[in-house]
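Line by line, the protein sequences give chains A and B. Taking this note's numbering, I'd label the letters of the first sequence as residues 2 to 146. Taking this note's numbering, I'd label the letters of the second sequence as residues 17 to 442.
In short, the hints are calculated from the structure, not lab data. Quick caveat: nothing in here was measured; it's all calculated off a predicted structure. Cβ coordinates follow ideal geometry from the N, Cα and C atoms, glycine included. Careful: at least some of the hints might be erroneous.
[To be verified] The following label-pair restraints were derived from C-beta to C-beta distances:
(1) Q104/A with L197/B: 51 to 61 Å
(2) Q401/B with V14/A: 16 to 26 Å
(3) R138/A with Q401/B: 19 to 29 Å
[As the list claims (entries may be wrong)] Partial pick of chain A residues on the chain B-facing surface, computed with a CB cut under 8 Å:
(4) I7
(5) I9
(6) E37
(7) T103
[Unchecked claim] Partner residues aside, some chain B positions facing chain A, computed with beta carbon under 7 Å:
(8) L65
(9) L71
(10) F250
(11) V260
(12) V287
(13) G291
(14) W434
Here is how the chains run, residue by residue.
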Amino acid sequence: MIVEAITIVTLFVMVATTLIGVLDRFVFGFGLPWPEELARFLLIWSSLLAAAVAAKHQSHFRLTFLSDRFGPKWTDFMDVVCVIAVLVVAWKGVEFAMIFNTQTSPALGLPMSYVYASVPVSSVLIAFYIVQNLLARHRSAGKAG
Amino acid sequence: MLLFLILFLVTMALGFPIAFAMLLASLYFIVSDSGSDLIIVPQQIQDGLNSFPFLAIPFFVLAGNLMAEAGVINRFVQLAQSLIGHVRGGLAHAVILSGALLSGVSGSGTADAAALGSTMIPALEKQGYKKDFAVVLCAFSGALGPIIPPSIFLIIYGAMGNVSIGQLFLAGVVPGILMVLVLMATSHIVVTRKGYGVQMPKTTLAEKGLALKHAAFDLVLPLGIIGGIRFGIFTPTEAGAVAVLYVLFIGLVVQRSLSFAQILKAARETVDVLGAVMLLIAMATIVNYILALFQASDHLAAAVVGLSSNPIMFLILTNLLVIFLGSIIEDTAVLVLMTPILVPLLDNFHIDPVHFGMVLCMNLTIGLVAPPVGLAMFVTCSIGQISIERFMRESWPFLLALLLLLLALIVFPSISLWLPHQMVHV
Chain A
2 MIVEAITIVT
12 LFVMVATTLI
22 GVLDRFVFGF
32 GLPWPEELAR
42 FLLIWSSLLA
52 AAVAAKHQSH
62 FRLTFLSDRF
72 GPKWTDFMDV
82 VCVIAVLVVA
92 WKGVEFAMIF
102 NTQTSPALGL
112 PMSYVYASVP
122 VSSVLIAFYI
132 VQNLLARHRS
142 AGKAG
Chain B
17 MLLFLILFLV
27 TMALGFPIAF
37 AMLLASLYFI
47 VSDSGSDLII
57 VPQQIQDGLN
67 SFPFLAIPFF
77 VLAGNLMAEA
87 GVINRFVQLA
97 QSLIGHVRGG
107 LAHAVILSGA
117 LLSGVSGSGT
127 ADAAALGSTM
137 IPALEKQGYK
147 KDFAVVLCAF
157 SGALGPIIPP
167 SIFLIIYGAM
177 GNVSIGQLFL
187 AGVVPGILMV
197 LVLMATSHIV
207 VTRKGYGVQM
217 PKTTLAEKGL
227 ALKHAAFDLV
237 LPLGIIGGIR
247 FGIFTPTEAG
257 AVAVLYVLFI
267 GLVVQRSLSF
277 AQILKAARET
287 VDVLGAVMLL
297 IAMATIVNYI
307 LALFQASDHL
317 AAAVVGLSSN
327 PIMFLILTNL
337 LVIFLGSIIE
347 DTAVLVLMTP
357 ILVPLLDNFH
367 IDPVHFGMVL
377 CMNLTIGLVA
387 PPVGLAMFVT
397 CSIGQISIER
407 FMRESWPFLL
417 ALLLLLLALI
427 VFPSISLWLP
437 HQMVHV
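So that you can see chain B by itself, here it is in the shape it has in the complex (with noise of 0.2 Å):
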């Protein structure tokens, strides 16, 4: 067990992909130690892949990118702005908003986060912003993407851990709203710290008026995916199919923007997603029946129980580990390794594993866009051509904020259950 684990991490650290290193100790170990045969690689990988939830990751991703493509983010932008634009910083609050509404579509963080940095780290640099400041706003506001349903995280938390994608998606609203706020608040006092920024004209109500019907159409989405799960109208994953065609509609029919090369652009792009996110998944399928046969998670169960039975101690001991897992892994490994065998110990602490999966997330998603291998971080200084370094200097305001937002998730489990607990009784 242990020298698996080890080669697992040797051969991880040593730069073998992620998903190969676990193909890899697995292969070893099944030749070397379990006299089983290796038919069970491809039977394990054909038993990971084959679920009706997962459906849901390639179509968020696909509608996200598709939505993206069409030029939603300007009218999301320019709805934003046509509200808030005339306070202090209020472009940046724009482009907060408009990664909410935006996560409401897509599922992955970093693709919002590329998103929104392509279209408006030039916009918020004319406006008098410091370029620094506008990859930071840009990454942070992306990484809303996994909070807000629709999400990656969620689904495959939901999904390996035997958890309703729906509880998690509609336990996912209120604390992506709360996010949203910590993060005008921390933006509203950098700027007017700093003195970012150039203040806009207050629009008239015409203005708002035309700036909410160009967006309408775009509105009904984030809306529906919801609304549609909450009075189970459809399935997470149907929800994503239904989204992928409602995006095609507003772009080919209703705005006309979307053109047959960009559709092809973003079905490239969530193919490459795709392949990266759903081969770890397989390969961890592997790793966790090894796992299961070594009893991991009842050794764990033991070792953890025996030294806390507070709930709140455990939350906080796992996020410690998730977040030094999620600080020298990508994230969506630790999430596909770390769910089955974190999931079974909550039943022993009397928390409740939506309210878990939604702190691992809220965990998860503070990897994207803290260093060292965040990746929504990664993108948007890639697209503002910065270095690491300056991200990281003008984004601990921010990081700060979602660290607290995160401890208040942990010691305040209402923050998540309310919502999916109003639901269930109605």
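Excised from the complex, chain A in its bound form (with noise of 0.2 Å):
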């Protein structure tokens, strides 16, 4: 699964920035800016899409002491109102980049538009992957009824 490849390459790059800013320290003493903000902005990006993956595998905590009652309607129509929030928030997460399209990191020069995509990405791949699960749920009742 292509998301969850990205994530895990974005884990272990965070650990070799976070690396390269301790031996720069220690031994080279430049006193680079970017690796802390280039960790940072990698921190986000991982954060959000690892989100997405616990998603897809269905990881967020929650409360099931009453949704099992309520039986499987109910989780389709909480489905559709998480996807709903979902969108909304990539909808405004698009603004929120686009605003600062012009505006660069101070130690990479990044636009800060790079960064801010991490959200409207993470959230269409979380709304895709809700769902996702929700129509394989429905085949697999479809085949068992």
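Dock chain to chain to rebuild the complex, using the hints, since each chain is given by itself in its own frame.
Laid out in structure tokens, this is it:
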């Protein structure tokens, strides 16, 4: 699965970036400003992508003591509400990223929209995975019935 | 304000994932009530996640997962067993000690409990321990994870409450050691009463030396992390990255026990935890922004100060509140919600935020192994294939022991503050 693979790679790049920062301080002493900044930006991206992966694996914490009694229709309804909410966040996320299109980050000179794009991208992915899980549930229910 | 909180609690109770319940309540409030634009939602998400200290979360989760995959637990257990295996309930003590060593690398109690459970429940059973006891023991030994540094709970508390994470980690050392002793004492009482376990022959000095040699490389890690932070060699975040590198070095070069598939498995588990925890943090940032609009913390402070100005009273009240919340909501969610509200109150009671962090962390850790929503309990019960009811029946002596330890932490701040204070003056 491509999103999971990208997240895992980001995770290890994050480790490497932080290590470069440590090495720089002890060995080279350049006082590089970018490893810390890059590591933070990668954390934002990997956290939000990981949130999408967790949505696919349904590992977001939830309480089930009431929803178990309400049956599958209720679960479907909750999924639809979540998808709508997440798509609103995606829409506003695009707007937010556009505003900062011209602003660049202090150390890397990266357009901040590259960082801020993480919110709409992962929101759309979360919506996609919720719908995918919902359809998969219906397909298996259809087969069973 | 009240409507906002009710909406959050109701959506959560109805079964929405907690992070989404926070989002839904926030969206509703911003649209209907605040007059601000929804654009603050992506802005707050970015703001909440853009934090160097939070990097330590994926690092220590990954280090712990890799450590478990590399077969470290077996080496730790062998070492601990060669040291105290000959006493009554020796293997049980060895599991607790291994849990302590594992906790010195990993930041998550649930992952530790899972790793211990999958290797040690069968081993304990084979040596004549009742299965229920084995499950409980692994869950509680894993629960050392959030107390003994590094700790995800302490990282989140420190980053959200503006408290030094290095100091918090140091504060966890003494309570961590006490918790090990308390668990070992409880285990000893249970084992002797119920006659669990077979006694092992005493090992020779040579066997002890061999076990130590096997585990020597692994032992560097827990000591190196806390030592490196203590002597200011690196920040907690950097320690996490170094820990990942070191575990990979042990697994790939020294022991050659780590395969690519195992690294992948550890990374995938890390991604799942990262996603769940960081989404909670991101959404809690929005909720806290809204609560700040209402000056919720000030109102709460006024109400609580009016009630009592005794710090111990305050600690007991907040602990009861956190136990209550923790028994309905997942612990990380309680932490991300309560930290920004409670930390500003501490000044009124002259409570050290490091001490409070430790108390809060111990409280949430107990929540990990207690019904109804303890994650470490769920994970070990599903590994051991026993019901929650059977877990509860076997776990009460351990639960009682930890509650007494929590009370001791509340009443004697020096248990947590002694070590960090030693360090500041050096």
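Once the shortest beta carbon distance from V260/B to chain A is found, is it less than 7 Å?
-> 5 Å, holds
Evaluation of the interface hint that places I7/A against chain B, nearest CB under 8 Å = 10 Å, violated
Could you check if F250/B really has its C-beta closer than 7 Å to a C-beta on chain A?
-> Hint holds; F250/B Cβ to chain A Cβ min 6 Å, cut 7 Å.
Using Cβ atoms only, decide whether W434/B comes closer than 7 Å to chain A, and label the hint accordingly.
-> 29 Å, violated
Status of the E37/A interface restraint (C-beta, 8 Å, chain B) = Holds: closest Cβ of chain B sits about 6 Å from E37/A, inside 8 Å.
Per the hint of 16 to 26 Å, is the separation of the Cβ atoms of Q401/B and V14/A within bounds?
-> 39 Å, violated
Does L65/B meet its interface restraint, that is, does its C-beta lie within less than 7 Å of any C-beta in chain A?
-> L65/B check passes; min Cβ-Cβ to chain A is 5 Å, inside 7 Å.
Would the stated hint for I9/A survive a check requiring a Cβ distance to chain B of less than 8 Å?
-> Since the shortest Cβ distance to chain B is 4 Å, the answer is holds.
Restraint outcome when T103/A is required to lie within 8 Å of chain B by C-beta distance | 17 Å, violated
Could you see if the CB distance from R138/A to Q401/B stays within 19 to 29 Å?
-> 26 Å, holds
Going by Cβ atoms only, is L71/B closer than 7 Å to chain A?
-> 5 Å, holds
Hold the hint about V287/B up to the distance rule: shortest CB distance to chain A must be less than 7 Å.
-> 5 Å, holds
Taken one by one, the earlier hints fail for this structure at numbers 2, 4, 7, 14, listed in ascending order.
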